[in-house]
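K.L.:
Here's the letter readout for the chains.
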Amino acid sequence: MEKELATFKFRLWRRKITNFVMMGLTVVAVLVAIIPLIFIFYYTISKGITYLNLDFFIQMPKPVGESGGGMANAIVGTLILIGIGGGIGIPVGIMAGTYLSEFGNNKFGSLVRFLTDVLSGVPSIVVGVVAYTLVVVPMKHFSALAGGIALAILMIPTITRTTEEIIKLVPHSLREAGLALGIPKWKTTLLIVLKTAWKGIATGILLGLSRAAGETAPLLFTALGNRFWSTSIFQPIASLTVYIYDYAKAPFEDWNNQAWTAALVLILLISLLSLLFKILTRSKYKTNR
Amino acid sequence: MLNKTKTRPHLAESCIAGKIKKVFLSLFLVMISSSMTFAQLQLNGAGATFPYVIYMKWFDEYKKETGIQFNYQSIGSGGGIRQIIEGTVDFGASDGPMSDQQLKEALQKRGTEILHIPTVMGAVVVSYNLPGVGKGLNLDGSVLADIFLGKITKWNDKRIKAMNPNKNLPDRYIVVAHRSDGSGTTYIFTDYLSKVSKTWETKVGRGTSVSWPVGLGGKGNEGVAGLIKQTEGSIGYVELAYAVQNNIFYASMKNRAGNFIEPTFNSVTAAAEGASKNMPKDLRVSITNAEGKNSYPISGFTWLLIYKDMKDASKATAMVKFLNWAMEKGQSFATSLYYAPLPKEVVKLCKSKIAVITSGGKKINLK
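Top line first, the protein sequences correspond to chains F and D.
Count the first sequence with the numbering used here and you get residues 1 to 289, in order.
Count the second sequence with the numbering used here and you get residues 1001 to 1367, in order.
Careful, some of the hints might be misleading.
The calculated PhoX-like cross-link candidates involving lysine-lysine, where the alpha carbons are at most 25 Å apart (straight line), are [what the hints assert, rightly or not]:
no., chain 1, residue 1, chain 2, residue 2
1, D, K1277, F, K249
2, F, K62, D, K1321
3, D, K1315, F, K140
4, F, K140, D, K1311
5, D, K1229, F, K47
6, D, K1219, F, K140
7, D, K1348, F, K62
8, D, K1329, F, K140
9, F, K140, D, K1321
10, F, K249, D, K1104
11, D, K1229, F, K249
12, F, K140, D, K1229
13, F, K62, D, K1329
14, D, K1308, F, K62
15, D, K1315, F, K47
If you're looking for bench data, these hints aren't it; they were derived computationally from the structure.
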């Protein structure tokens, strides 16, 4: 009896120690994963906070030698660019993803799937050159539209693939229930499948938009940049990323600091975007999950 | 209402979501309507990185005075030349002049000549990081070429010593730093080395990017300045503004007249004065290794590239007015931003060049 108790205690301790060690390792892994993020936040906040004030959001950039000023045009420019990109990329991405999961079990479907994967691996600068050749050269003008199209091309594969994967998760019984009630397939897809998968699709959209918002390379030769206030989609337009690129390497400390602030604002903007998506996709009905 | 939200929280949430949707929608509508409004007269340009800072100052000032917007983006000299040939910009900018072949291509594609208008000048300085040796190292062209060719490898080489009798040069290897990207700065620097060293001209030559015999590459002026700052015993070339900003020392260069000249605005302007006596008609001229007692030998112009005939009359008028402004008032902003202003003779040449710009074949009415 006593011997049995000893073995039992030994086993208990062994399990506890294993548990503890493994738990420790997981915590370390988590830390390693989030430490870069913490550093990024720490540096951008500590370096960018000094210039972060109301002026930064509502004023235009000041010429060299005059301190202060803001990047109102770049903030609006970035919003317009991802607006155009999203306006083109989101519908195309969702529709393509829906096609792939609902109707794409054939050769054409796998071809599209393959090409989407290839597209998602294309370097963003190449996408910029493509938009330059397709939009800028024929129109003879750098424009926000060209930048938006470049960003849309970058968003499409992300949104397409996430949409497809999410829609696949919708239980088959739901589709069958719809069809059993005599609802046509297109209506079932639109009103039942897509509606059920909406939350996941929104995550895909968010990923696409955030990636687009942080891109510099495809904008250099398409949206070009603008020192002035411009909201016309047929004119060159400013963006935060291009400003960061320009200001970070300039030989003026004032500008280098503003580049940090622009980086901070960009991060805040993307965080705000994801917060909005969280609120938008919050379930209307309380579930007890 | 209050009661309802308390007992049924999900309703309140959907209410918020609905409101946000409405806000989004209205924002979108505002954006669309604002983009429909008539845009102000804006001329777009792109090109050289080197004059980016002064061009921005000019365009900001000019907008304050006239309301006309000149939007300039620094994408590099090569990019500027490419865009003016493709016709995607209203004006270009470059630190190295366009080649005859590029001019021919532009004439074919755009149906009009392209004018080179010098705007300001700059100095490429030879920066070094050598602990124990203060500022004001003296160098001449052939020694500099041999350092960049990898022939002189130590700082206490007797040829460097001969020029710096008062300096205590260490027995240390020289680390060469150069640009890894294509650049007008590199063009000016290699153009100078080609003029002073036959070996350099045949082995390496001049260009916006060349195949360097030795050394480390840094991206952009800021990259090279960073390399020099971090590496003891290094030498490299950057624009004057970057050397000043990074607090790194730069060498005095021996000019044609045999004097060691420190790069300053006056010595750069002196180089242009030396070269202005025999300026070619199209103003495409190199002022490296220029004549004159006080000329700093590694100096260069930067040019705006303008279509001789512009289709849009209002844009052409704005362009001509601006160019004349740049030649007069614009020059006064140069020195505070580490650029050298154009000498008077060159300004005169530029103005006569500006006067030939037309719109649809007609002369520009400046009133």
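K.L.:
Against this structure, judge whether each hint is valid.
P.N.:
Status of each hint after checking the structure:
no. : hint             : result
1   : D:K1277 / F:K249 : violated, 37 Å
2   : F:K62 / D:K1321  : holds, 23 Å
3   : D:K1315 / F:K140 : holds, 15 Å
4   : F:K140 / D:K1311 : holds, 13 Å
5   : D:K1229 / F:K47  : holds, 22 Å
6   : D:K1219 / F:K140 : violated, 30 Å
7   : D:K1348 / F:K62  : violated, 31 Å
8   : D:K1329 / F:K140 : violated, 32 Å
9   : F:K140 / D:K1321 : holds, 24 Å
10  : F:K249 / D:K1104 : violated, 34 Å
11  : D:K1229 / F:K249 : holds, 15 Å
12  : F:K140 / D:K1229 : violated, 43 Å
13  : F:K62 / D:K1329  : holds, 19 Å
14  : D:K1308 / F:K62  : violated, 32 Å
15  : D:K1315 / F:K47  : violated, 41 Å
Of the numbered hints listed earlier, those contradicted by the structure are 1, 6, 7, 8, 10, 12, 14 and 15.
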